[in-house]
Every structure is written in C-alpha cells, then in structure tokens.
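Undergrad: Sequence:
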Amino acid sequence: MPARVRSAVIPAAGLGTRFLPATKAQPKEMLPVLDRPAIQYVVEEAAAAGLDDVLVVTSRAKSSIEDHFDRLPDLEEALAAKGKDDALKAVTDLAELAQVHYVRQGEARGLGHAVGMAERHVGGEPFAVLLPDDLMVDEAAVMRAMLAAHAEHGGSVVALKQVPRAEISAYGCPRVTPVEGDLVRIEEIVEKPDPDEAPSDLAVTGRYVLSPAIFDALRRVTPGKGGEIQLTDALALLGEAEPVYGWVFTEGRHDVGTPLDHLRASISLALARDDLRAEVGAFLAETVRRHGLG
103 MPARVRSAVI PAAGLGTRFL PATKAQPKEM LPVLDRPAIQ YVVEEAAAAG
153 LDDVLVVTSR AKSSIEDHFD RLPDLEEALA AKGKDDALKA VTDLAELAQV
203 HYVRQGEARG LGHAVGMAER HVGGEPFAVL LPDDLMVDEA AVMRAMLAAH
253 AEHGGSVVAL KQVPRAEISA YGCPRVTPVE GDLVRIEEIV EKPDPDEAPS
303 DLAVTGRYVL SPAIFDALRR VTPGKGGEIQ LTDALALLGE AEPVYGWVFT
353 EGRHDVGTPL DHLRASISLA LARDDLRAEV GAFLAETVRR HGLG
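Numbering-wise (the numbering used here), the sequence shown opens with residue 103 and increments by one.
For the record, the hints were derived by calculation from the structure and aren't laboratory data. This structure is a prediction, so every number in the text was calculated from the model and none was measured. Hints may be right or wrong, so weigh each one.
[To be verified] Simulated restraints on C-beta separations:
| hint | residue 1 | residue 2 | range |
| --- | --- | --- | --- |
| 1 | 385 | 175 | 34 to 40 Å |
| 2 | 362 | 243 | 54 to 60 Å |
| 3 | 369 | 195 | 24 to 30 Å |
| 4 | 176 | 344 | 48 to 54 Å |
| 5 | 282 | 172 | 41 to 47 Å |
| 6 | 393 | 154 | 44 to 50 Å |
| 7 | 188 | 283 | 39 to 45 Å |
| 8 | 329 | 172 | 31 to 37 Å |
| 9 | 370 | 272 | 35 to 41 Å |
[Claimed, not checked] Cross-link-like lysine-lysine pairs, in silico, DSBU-like; alpha carbons within 35 Å at most:
| hint | residue 1 | residue 2 |
| --- | --- | --- |
| 10 | 126 | 186 |
| 11 | 184 | 126 |
| 12 | 191 | 126 |
| 13 | 294 | 191 |
Positions of the beta carbon are idealized from the N, C-alpha and C atoms, including for glycine.
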C-alpha cells in the first residue's frame, strides 16, 4: 500500500513579470483575488485535503508570503480592542491552517527545479504539488480524488482538464488510456504541442500527486531553453519506470496566471458568493449597457 501523502509543495519563486509593475515590490502570489491573496486559496485547498504540512518554494523579495501565514500580535490586539471579531478570526485562523515551511530557490531554473527543492523536506514519501497560478475553488474535491486514486493505485497522479484544441499548445498534453471512471493512465506527455499534432484535448493543469521517484527523474532531465528543468519532461521519464495516472476533472479551476485571467477569476468568484452576487451582477450589467456591449 502506498504511503499516506502528508505534504504539499507550492512553487512560488517566479518573478511574476506578466503582472509588472504590480509585482515589482510584492509577489504575484500575494495579489488579492477578492478578499484574500491567491496563495491563501492554495494553502486552504491543501489543508482541506488533509495535507497539513506545506512547503512553499520561494525566492528573494517574497518575505510577505511568510508574514501572511504568521501571527501579527499588534494587529490582533488592535482588532480585539476595536471589537472586530470577524477580522480577528480571519487573521488568526491563517496561522492555524497548516504547518507552513519555506525553502528558497536560489536561481530560476524552471518548475522541475523548484519541485526538486522539496526532496529533503518530503523525506522519501509521496507528496502533492499545487501551483498557485491555478486556483481550485472546489472544497478540495479534485485533490482529494487524486489522493484517493494514488492510495488505490500507487504511482503518480496528474490533474487533467479538457480544453479546446486551439488552446492545447499552451499546455502539456498527454496520450492516455482509460482505467476507470475519471482515472486514465498517461502513456506519454507532449509539452505545448501543435494543435494538429496533439495526442488528445486534455491539458496538464497545476495539481500533482508525485511519487518520490520523481526526484531521480528530475536529476536525469536534460535542461531546456534557458537552462530550465521541466516537470513535464521528468514525468515522461518517470512513466518509463512506474505508472503515471491522470485525473480528468471539469469544474472548479480558475487560472490567475495573467492579468486578464486574474480579473476573470475575481469576477467569477464574486458572482459565486451570496453576499456579492447581486451587486456585482448589477454593476456588470450596467457596465455592459453603458459601453454598448450588450
């Protein structure tokens, strides 16, 4: 029986250049999506899936991430003195979400390199990887399903989502064979294929449950453009030695990797909230009318 997955790794060392100048002095992962930074959604998802040990891979100028998940006594005292109990609970609960640890990626050498930074922390056990450019606002349903698939079948499990063929060139794309239900076995992965040559219309998205054997595969990967080590390439190598599965899902994902995607996610999440839906919906309707877009 596979070892229980206890750890979640969140790579958050990127420069966030698509969001400049907003990210010149603050991490992209700390940009707010509604009332909380993007990375908080990801830590909350990990905790909801039972992953109570979280390692965030950071880099220079990312100390605000550490501050966010730490206690701040001065703020807590001020909120308590003013009777702002809801706000006080919101900030104190952050420190109780999970045991959050940090390691720095000294140089930007790709997602595979960032994941490799977690080897000592996970201690030879399987672990999850959650990318903060993808928010899964689904009460951790996909991650829990992936963990269950790993517990039953072993190996590694990658989250897959069907996308239009025209968009597949932005993703890793697998060739798969069915296993059962939403579970498939990945036979190969092609990174950013031409739509006409893509092996499927399934896209690798930012959730993984990985066997510790991934670290050996990462060491064997040949660096690509810019010296980057690609996780997709390591998964292809891993699949030669042990099974790599895919979990196909349809709902819950919000891409926040570009400013436009970030805006879309904020609007979608606002419309899903009972306390915001009516007012935001009315604002959008009026904006569409005013600009003659309806």
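Undergrad: It remains to establish, for every hint, whether it holds in the given structure.
TA: Structure-based check of each hint:
no.: 1; hint: 385 to 175: 34 to 40 Å; result: 38 Å, holds
no.: 2; hint: 362 to 243: 54 to 60 Å; result: 26 Å, violated
no.: 3; hint: 369 to 195: 24 to 30 Å; result: 26 Å, holds
no.: 4; hint: 176 to 344: 48 to 54 Å; result: 50 Å, holds
no.: 5; hint: 282 to 172: 41 to 47 Å; result: 43 Å, holds
no.: 6; hint: 393 to 154: 44 to 50 Å; result: 47 Å, holds
no.: 7; hint: 188 to 283: 39 to 45 Å; result: 40 Å, holds
no.: 8; hint: 329 to 172: 31 to 37 Å; result: 33 Å, holds
no.: 9; hint: 370 to 272: 35 to 41 Å; result: 19 Å, violated
no.: 10; hint: 126 to 186; result: 32 Å, holds
no.: 11; hint: 184 to 126; result: 34 Å, holds
no.: 12; hint: 191 to 126; result: 30 Å, holds
no.: 13; hint: 294 to 191; result: 44 Å, violated
The structure does not agree with the numbered hints 2, 9 and 13 stated previously, though it agrees with the rest.
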